[in-house]
Amino acid sequence: MKTYTTRFGSLADYQKGTIDLIDDDPKRYAFSNIFEVASTSRPYEKVAVGKNRQYVVEAIRAEGTSEWRTAPHDEFALVMDGEVEVRLRKLGPDDIGPTAERGSNALPGTPGGPKMGRVIARRGHMTLLPVGAAYQFHAARPAVILLQTQDGPDTVHKWAEIIQTVG
Amino acid sequence: MSVTAPIQTGPGEANVDGYHSFRLGEFKFSRDEYFVYVEWPTGKHVMSADAFLRALQRDVAWQFFYGIVNFDGVVGTVNHYGTVDLFAGRYNDVYRKAELDHLENFSTALIKSTFEEMLDDWTNDGFDPFASPTETGSAFGIKRGNNRAAITRHRVTAARMVSMPGDEPLRTNDNGHPINRHFLDVPQDEPVKEAEPGFEAEVNAFNFFAYLSRSQVTWNPSVVSVCGDSLYCPTTEEYILPIIHGNDRVEWFIQLSDELIWQVEDRDTGAALAKVTMRPGDVAAMPADIRHQGYAPKRAMLLVWENADPDLPALISSGQLPSVPIVI
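So the protein sequences, as listed, match chains A and B. Counting in our numbering, the first sequence runs from 36 upward without gaps. Counting in our numbering, the second sequence runs from 234 upward without gaps.
These are calculated hints, taken from the structure and not from any lab test. Be careful, since some hints might not be right.
Some chain B residues well away from chain A (every beta-carbon gap over 12 Å; in silico) [to be verified]: (1) Arg-256; (2) Phe-268; (3) Tyr-270; (4) Phe-298; (5) Gly-315; (6) Leu-343; (7) Asp-353; (8) Thr-369; (9) Pro-402; (10) Pro-430; (11) Ser-446; (12) Leu-489.
Calculated lysine-lysine pairs in the DSS-like style (CA-CA distance at most 30 Å, straight line) [to be verified]: (13) Lys-62(A) x Lys-51(A); (14) Lys-261(B) x Lys-345(B); (15) Lys-330(B) x Lys-277(B); (16) Lys-62(A) x Lys-150(A); (17) Lys-376(B) x Lys-345(B); (18) Lys-531(B) x Lys-37(A); (19) Lys-150(A) x Lys-51(A); (20) Lys-531(B) x Lys-508(B); (21) Lys-345(B) x Lys-277(B); (22) Lys-37(A) x Lys-51(A); (23) Lys-150(A) x Lys-426(B); (24) Lys-277(B) x Lys-376(B); (25) Lys-150(A) x Lys-125(A); (26) Lys-261(B) x Lys-426(B); (27) Lys-261(B) x Lys-330(B); (28) Lys-62(A) x Lys-531(B); (29) Lys-277(B) x Lys-261(B); (30) Lys-62(A) x Lys-508(B); (31) Lys-125(A) x Lys-426(B); (32) Lys-330(B) x Lys-508(B); (33) Lys-531(B) x Lys-51(A); (34) Lys-193(A) x Lys-508(B); (35) Lys-330(B) x Lys-51(A).
Each residue gets a CB set at the ideal place from its N, CA and C atoms; glycine is no exception.
The following block holds chain A by itself, in its conformation from the complex:
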């Protein structure tokens, strides 16, 4: 019986695909690679790699401990490489909470609400970041998160740097 090998990518080992143009402009495809983006990002920089009106998908380099963040809607963190601890707390009465209509914002310190718990997620694991909560990421070694969220105050748009622009 043939044995199949499933290939995933990582910061240490990825091979970007290609666009072979016949009669089109490569910019229309906004073609990038999550690991390539994360390899040059600052820790916890929220770089949009997909955008569909107010919605974005962000590639995040997880390294060390992030600030606490909160959003006015659910978000979903999919670990694409490495291991990430996700810490969850409820917001306290004195916390600023979400400051924008969409996307997440940083909190000045540890939220005052009770601890909700934590998740230790490895490659392929998806974690709910629930509305009404605050979250903090921690990664002992560089890891990569793909975040399903909305375009927020800290979403970084640097499309000209990350996508294929010439054929």
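We have chain A already, so just place chain B on it with the hints.
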């Protein structure tokens, strides 16, 4: 030619091979041992029965999906979300110029019920239109039984996230989802979840890749997590996408594992535009004015990311929104 003709003719006598014929307006559909025949007032077309059934299965299961579902370069449907166009040659430059194209509009309920009957009648025992070619029996031959369990299987549409209490469940051996033969090496470990008392329902995570490794179908995006109108619709792909999808909005692909090759064409004429080869970690937008068909040499995990906002098709077709997601 465009007409509105809400005429449906149900099955009459079966033909010599045991299959019934169907009519929708002025379209007529029939099949024999190997082929499906489509006729309309200005032309006729033939497709291999297995390719036709694989396309028909997606169109029915997806409720006509977003935009255009081309069964091939000639026949297909356009979803207007309440009504559906059935066309022949409308998105084929040669048919258009020869004025051989034809289009009729039907209520979604009418065309859906007709397609469901057709799919049921023409799918033989042992043939699963959702399965990869090497995981199913033959579509061909004279009529022999049915495969109702396969063609009516549940489509996953999570309300918040798979594995949440009351939402779509995880896949396990016990609920009929063994690990696919191409994904036997995918780790099945679950994340560590430590919830404080009272927060068990909200501290949640699951192994997304393991979940996909247990998919029993191919080319069937299913909703796994929801952020407003932002839908994560992962799918596992093997062999060829049985339809050519014409976009009515921007759609994004995120390659999670292995490799896919996309043939991209102009949505309206079929002119070749590009070939996109995607490898793990790659992200690509499919603009709203193209159509695409994917090829997967090995079963691959693809995250299809959709924006389900119902206003998008009108905003794009009216020019209020561009057909591309990013303008640099």
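We went through each hint and held it up to the structure:
1. Its beta-carbon lying about 39 Å from the closest one in chain A, Arg-256(B) satisfies the requirement of being farther than 12 Å from that chain.
2. With a least beta-carbon separation of about 31 Å from chain A, Phe-268(B) lies farther than 12 Å from that chain, consistent with its non-interface assignment.
3. Residue-level check passed: Tyr-270(B) sits 32 Å from the nearest beta carbon of chain A, beyond 12 Å.
4. Phe-298(B), annotated as away from the interface, keeps every beta carbon of chain A farther than 12 Å; the closest lies near 16 Å.
5. Distance to chain A confirms Gly-315(B) as a non-interface residue, since its nearest Cβ pair spans about 22 Å, more than 12 Å.
6. Listed as outside the interface, Leu-343(B) is consistent with that label: its C-beta sits roughly 32 Å from the nearest C-beta of chain A, beyond the 12 Å cut-off.
7. Non-interface call for Asp-353(B) relative to chain A: holds, since the shortest CB-CB distance, roughly 33 Å, exceeds 12 Å.
8. Taking the minimum C-beta to C-beta distance to chain A, about 18 Å, the non-interface status of Thr-369(B) holds against the 12 Å cut.
9. In this structure Pro-402(B) is separated from chain A by more than 12 Å, as the shortest Cβ-Cβ distance comes to about 15 Å.
10. For Pro-430(B), the condition that its CB be more than 12 Å from all CB atoms of chain A is violated, with the nearest at approximately 9 Å.
11. For Ser-446(B), the non-interface assignment is contradicted: its Cβ lies about 8 Å from the closest Cβ of chain A, within the 12 Å cut-off.
12. The claim that Leu-489(B) lies off the interface is violated: its Cβ sits roughly 7 Å from the closest Cβ of chain A, which falls inside the 12 Å cut-off.
13. Under the criterion of a C-alpha separation no larger than 30 Å, the hint pairing Lys-62(A) with Lys-51(A) is consistent with the structure, at around 16 Å.
14. Among the hinted pairs, Lys-261(B) with Lys-345(B) is consistent with the structure: their alpha-carbon atoms are about 15 Å apart, no more than 30 Å.
15. Note on Lys-330(B) and Lys-277(B): the hinted pairing holds, with a Cα-Cα distance of about 16 Å set against a maximum of 30 Å.
16. At roughly 44 Å between alpha-carbon atoms, Lys-62(A) and Lys-150(A) are farther apart than 30 Å, so this suggested pair is violated.
17. Taken as a hint, the Lys-376(B) and Lys-345(B) pair is honoured in the structure, with Cα atoms around 22 Å apart against an allowance of 30 Å.
18. Distance hint between Lys-531(B) and Lys-37(A) is fulfilled; the C-alpha atoms sit about 12 Å from each other, no more than 30 Å.
19. Restraint check for Lys-150(A) and Lys-51(A): not satisfied, since their Cα atoms lie roughly 40 Å apart, outside the 30 Å limit.
20. Distance check on the hinted pair: Lys-531(B) and Lys-508(B) sit about 18 Å apart at the alpha-carbon level, within 30 Å; holds.
21. Between the alpha carbons of Lys-345(B) and Lys-277(B) the distance comes to roughly 22 Å, so the proposed pair stays at or under 30 Å and holds.
22. A hinted pair counts as satisfied when its Cα atoms are at most 30 Å apart, and Lys-37(A) with Lys-51(A) qualifies at roughly 27 Å.
23. This hinted pair checks out: Lys-150(A) and Lys-426(B) have alpha carbons roughly 13 Å apart, not beyond 30 Å.
24. Only pairs whose Cα atoms come within 30 Å are accepted, and Lys-277(B) paired with Lys-376(B) is accepted, the gap being roughly 23 Å.
25. With a C-alpha separation of about 6 Å, the suggested pairing of Lys-150(A) with Lys-125(A) holds against the 30 Å cut-off.
26. At most 30 Å may separate the alpha-carbon atoms for a hinted pair to count; Lys-261(B) and Lys-426(B) exceed this at roughly 56 Å.
27. Using a Cα cut-off of 30 Å, the hinted pair Lys-261(B) and Lys-330(B) holds, with the two alpha carbons roughly 23 Å apart.
28. Distance restraint check for Lys-62(A) and Lys-531(B): the Cα-Cα separation of roughly 28 Å lies within the 30 Å cut-off, and the hinted pair is therefore satisfied.
29. Simply put, Lys-277(B) and Lys-261(B) have alpha-carbon atoms about 9 Å apart, close enough for the 30 Å limit, and the pair holds.
30. Between Lys-62(A) and Lys-508(B) the alpha-carbon distance is near 14 Å, which keeps this suggested pair within the 30 Å criterion.
31. Only pairs whose Cα atoms come within 30 Å are accepted, and Lys-125(A) paired with Lys-426(B) is accepted, the gap being roughly 17 Å.
32. With a CA separation close to 26 Å, the supplied pair Lys-330(B) and Lys-508(B) stays within the 30 Å bound.
33. Proximity of Lys-531(B) to Lys-51(A) is assessed by CA-CA distance (about 18 Å); at most 30 Å being required, the pair is judged to hold.
34. Taking the CA atoms of Lys-193(A) and Lys-508(B), the gap is about 25 Å. The hint holds against a cut of 30 Å.
35. The hinted pair formed by Lys-330(B) and Lys-51(A) fails the criterion: a straight-line CA distance of about 40 Å is larger than 30 Å.
Checked against the numbered hints above, the structure violates hints 10, 11, 12, 16, 19, 26 and 35; every other hint is satisfied.
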